[in-house]
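Trainee: Each chain, letter by letter, is given below.
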Amino acid sequence: MASLISCPHCGMRPKEEFMIRGDAAPVRPSAMASDEAWHDYVHLRNNPRGRVREHWQHVAGCRRWLLVERDNLTHAVFSVADAAAEGGQ
Amino acid sequence: MAYDYQAVHALEGTIGAIAERRANHLAVHRATAMAMVLASPGRVPEAVGILVANGDFEVRFSGPGEWLVLSEVHAPETLAAELGVRLGDAAFVIDQSHGRVALTLSGPDAARILANGVAVDLHADSFPVGRAANVLCHHISVNLARTGAQSFDLVAMRSFAEALVGDIKIMARSHDLSVDFATR
Ligand SMILES: [Zn+2]
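Going down the list, the sequences are from chains A and B. Going by my numbering, the first sequence opens with residue 1405, and the numbers climb by one from there. Going by my numbering, the second sequence opens with residue 449, and the numbers climb by one from there.
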């Protein structure tokens, strides 16, 4: 089922309907955090192969932000959840 | 210099008069009363209750707590105000009557034609009458709703309407399709 994402609100959709923001792991530092912490957050990313957690937006569907856990080599999708629900909102 | 933007339909001049109505037909609606409604945080059930309280509104799913609302009872000029009065602060309302264009595709091949551009299962079991969804039709975002066994409504932003009709004509190339303004 390559390139299909199961949106929790819209069901199975092709990846063309989504925009990928990228790695969901980095946590925004506080406003007064050191330049180094901000540089890390804004610019530095690991480039892992395998299982990753990413923020995807279903721009052509419900327009919600989603947390997608997938394998970036095989594109096997393990889980898709609404990012707000995941964040406890 | 005075402009009368609202008087000109987005597809005016792009659709030729048709000699005959074919088996499958794409009707372009001239003036559809439409609005987007987004429920205030935590007030989704309340907003739904108000929207479905009487038969004035047709409510189509857009996203969680968000709907495309159409009406045949209210005019494009008054729908948003009417919704605003009834919903109060339970939801935000944005008029879309002149921002979007509504099309109705009907005929025995309607689902097959749409399947050439929409990646959603349109079998009646998984997309029954009354179901609506925001989907991508080729590269254009549309709100697709099944209004009958053989009829679907598509609502797209007005600036994409001409491209969407062009796409649908291509999607229907191996089927018999006519396109015209609705006479309703
Ligand atoms: Zn979605």
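Bear in mind the hints are in silico, worked out from the structure with no lab data behind them. Each hint should be verified, as a subset may be incorrect.
Residues from chain B shown here face chain A by an in silico Cβ test under 7 Å; the list is partial [unchecked claim]:
id : residue
1  : 512
2  : 563
3  : 567
Each pair of labels, with its calculated beta carbon distance range [what the hints assert, rightly or not]:
id : chain 1 : residue 1 : chain 2 : residue 2 : range
4  : B       : 576       : A       : 1458      : 45 to 53 Å
5  : A       : 1458      : B       : 578       : 28 to 36 Å
6  : A       : 1463      : B       : 579       : 19 to 27 Å
7  : B       : 533       : A       : 1485      : 34 to 42 Å
8  : A       : 1447      : B       : 571       : 43 to 51 Å
9  : B       : 567       : A       : 1475      : 35 to 43 Å
10 : A       : 1432      : B       : 536       : 31 to 39 Å
From chain A, some residues computed to sit far from chain B (all C-beta separations above 10 Å) [as the list claims (entries may be wrong)]:
id : residue
11 : 1410
12 : 1418
13 : 1436
14 : 1440
15 : 1447
16 : 1451
17 : 1453
18 : 1466
19 : 1477
20 : 1486
For glycine and all other residues, C-beta sits at the position ideal for the given N, C-alpha and C.
Trainee: For a quick check of understanding: which of the numbered hints are violated here, in increasing order?
Mentor: The structure conflicts with hints 2, 4, 9, 12, 18 and 20, although it agrees with all the remaining ones.
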